[in-house]
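J.: These are the residues of each chain, in order.
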Amino acid sequence: MAIDINNVLKTFGITDVNQGVSTGNDWFDTNGTITSSSSPIDEKEIAKVKNATMEDYEMVVKKAQEAFKEWRLVPAPERGEIVRLIGLELRKYKEELGALVTYEMGKIFQEGMGEVQEMIDICDFAVGQARLINGVSLQSERREHRLFEQYQPLGIVGIVTSFNFPVAVWAWNSALAAIAGDVVIWKPSSKTPLTALATQKIIGKVLKDNNVPEGVFNLIVAKSSVMGDNFLEDKRIPLMSVTGSSAVGKRVGSIVGKRLGKTILELGGNNAVIITPNADIKMAIASTVFGTVGTAGQRCTSTRRIIIHESIYDQVKDSMVNAYKSVANKIGNPLSENSLVGPLIDVHSVNNFRNSVAKVQEEGGKILFGGEIMEGKGFESGNYVMPCIAEAENHYEIVQEETFAPIVYLIKYSGEVENAIELNNNVPQGLSSCIFTLNMREAEKFVSAVGSDCGIANVNVGTSGAEIGGAFGGEKDTGGGRESGSDSWKIYMRRQTSTSNYGAELPLAQGVKFDF
Amino acid sequence: MIDKEITIEDLVDEYPFSVAFLQKKGIKCIACGEPIWGTLEEACLEKNFSQENIQKFVDELNTLNKTQS
Chain S
1 MAIDINNVLK TFGITDVNQG VSTGNDWFDT NGTITSSSSP IDEKEIAKVK NATMEDYEMV
61 VKKAQEAFKE WRLVPAPERG EIVRLIGLEL RKYKEELGAL VTYEMGKIFQ EGMGEVQEMI
121 DICDFAVGQA RLINGVSLQS ERREHRLFEQ YQPLGIVGIV TSFNFPVAVW AWNSALAAIA
181 GDVVIWKPSS KTPLTALATQ KIIGKVLKDN NVPEGVFNLI VAKSSVMGDN FLEDKRIPLM
241 SVTGSSAVGK RVGSIVGKRL GKTILELGGN NAVIITPNAD IKMAIASTVF GTVGTAGQRC
301 TSTRRIIIHE SIYDQVKDSM VNAYKSVANK IGNPLSENSL VGPLIDVHSV NNFRNSVAKV
361 QEEGGKILFG GEIMEGKGFE SGNYVMPCIA EAENHYEIVQ EETFAPIVYL IKYSGEVENA
421 IELNNNVPQG LSSCIFTLNM REAEKFVSAV GSDCGIANVN VGTSGAEIGG AFGGEKDTGG
481 GRESGSDSWK IYMRRQTSTS NYGAELPLAQ GVKFDF
Chain D
1 MIDKEITIED LVDEYPFSVA FLQKKGIKCI ACGEPIWGTL EEACLEKNFS QENIQKFVDE
61 LNTLNKTQS
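So the protein sequences, as listed, match chains S and D. All residue numbers for the first sequence refer to this note's numbering, where the first residue is 1 and numbers rise by one. All residue numbers for the second sequence refer to this note's numbering, where the first residue is 1 and numbers rise by one.
The shape of chain D in the complex, shown without the other chains:
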């Protein structure tokens, strides 16, 4: 289960599909070939997404995860 506190490193490792999903939303998880530091929430806030939007991303990622598995 993905939540907004997950680190980007864990997100990239455990849910690799999320990298492309978040990139489409303008959030880069990978820079210089390495995961950026911090949590999903921090990465979203950096791009000025609201808490509402962040929760929406989390829900969409969890739905995507179900599709993947």
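One chain only, chain S, in its complex shape:
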């Protein structure tokens, strides 16, 4: 597909300067500062967006409160129907939105379209879930009483998304929130506001055609000085879903915790692949390379560490280096079909990459491949780097940190798989992990109570690229939140236990007598 980015912008009605606040179909001319969105591909400005002011924020919250009163009364399957139609609309614009994701964020076009597919998948999931918002019926200890649990809509859900998945994370949250009867306020990354605008415009048609009230799906592009701590402190917003770094998550957890609000925190990872002597090494390498260099190492689930048994260490090391040599020829414009690795998001990320490459060497590590900043034709933006493989030890300070760039550390282990699992777990973060082995005992140990301590623990499947059907999230400094599939929908709802007395007597629980 030859992509004309001007046509893509035209498709979504994106002009030179755009409004950044919407309550569904209504867009508001705001007076906040201007955010300029530029492409990491060539650093050219794509368009500008007008940020919200405090007054705009207040107006949207009030609109959302009003909409919630109405939306919570719509039967869940009807709400699901709206989400189904949103999924259909996303299918129509999959290529265009995927291309805009690529242009504004830098991931390759295949991954850009993959991101939109995730949006579609979660819509499909949510449609089914809309008919399965089920509580449980329990046995009461009292005669002629019924005891049951049910789930009620919660209210406004605040959604803060990051640049690396600029639209999919919104979909994970808002599709479930919508079927749950909640309304959402989305604060997108200031690095990727245009994909948010495009998404809002795509769903706008569905909302209009189906008379969905203004205020159910809200978007606010704003600086953190306008929508930062005050957003987190806002008691009108019972649930805050935030995707970002552990540093940001700790702040969010602390502020929302002070008002006893609920959070979904999807924070940093330090994801490891364990390769044991019993692994299918060919499969392990193919999977791991996608995990390390896919999205230029800017996924929360990107593979950061490879823990390799000493008996196969040299074989794996050589295979990784050879694989990287092949990838080296496929770094470039992510809109090109030939590219497998695009640019980093900006110069700051490039500097972080450069610092990590230097730091691992200072700590005693050895660079086996890459680590350079790309120069020359096609790389003028300065945002392209050669993915790096470094030999390191797990206790190095830099290995304990997450560098949001394509640098992977090879770490040797000896003895039994327990030693590899200990290394896997010995980092502050706990998002994704995997083991490559054909040995059933090793595999089962890895996913057992004494195995990986991460939210995601795979066997012969890499750390990166989760399906929407399972709950997504991690432990420790990753924040503990779960979103997307399985029973993640429950956090978007208010759990209620009810006891109903259909008899003529009034027995108290535990046989307590209280006669007066």
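Heads up, some of the hints might be wrong.
Here are the computed lysine to aspartate or glutamate pairs in the EDC-like style, where the Cα-Cα straight-line distance is at most 20 Å [stated by the list, open to error]:
#, chain 1, residue 1, chain 2, residue 2
1, D, Lys24, S, Glu363
2, S, Lys490, S, Glu467
3, S, Lys250, D, Glu9
4, D, Lys28, S, Glu401
5, S, Lys48, D, Glu14
6, S, Lys250, D, Glu42
7, S, Lys366, S, Glu380
8, D, Lys24, S, Glu397
9, S, Lys223, D, Glu41
10, S, Lys412, S, Asp280
11, S, Lys44, D, Glu14
12, D, Lys47, S, Glu401
Over the 10 Å line for every Cβ pair with chain D, so calculated as not near, a few chain S residues [stated by the list, open to error]:
#, residue
13, Thr15
14, Trp27
15, Glu43
16, Lys44
17, Arg143
18, Lys191
19, Ser224
20, Ser246
21, Gly257
22, Lys330
23, Leu344
24, Glu416
25, Asn501
26, Leu506
27, Leu508
Source of the hints: derived by calculation from the structure; they are not laboratory data. Note that beta-carbon positions come from the ideal geometry of N, C-alpha and C, so glycine has one too.
Since the structure of chain S is provided, determine the placement of chain D on it from the hints.
T.: Relative to the frame of chain S, chain D by itself:
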């Protein structure tokens, strides 16, 4: 003019050179590719810098800014 109340987001946007300056002092402005939340003062206090040190950083950043422009 930079002061200690500036948000890290504004600092990164308006004075990008400050990211490298602060990193050398052990203060990370960017994590997971995004600016951390809060003010310059909060980021410094998190790393246990004194008010005196924070003012020193602010002064140095303003001097650097003059050099940049």
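J.: Where does the structure disagree with the numbered hints, that is, which hint numbers, in rising order?
T.: Numbers 7, 18, 19, 20, 23, in rising order.
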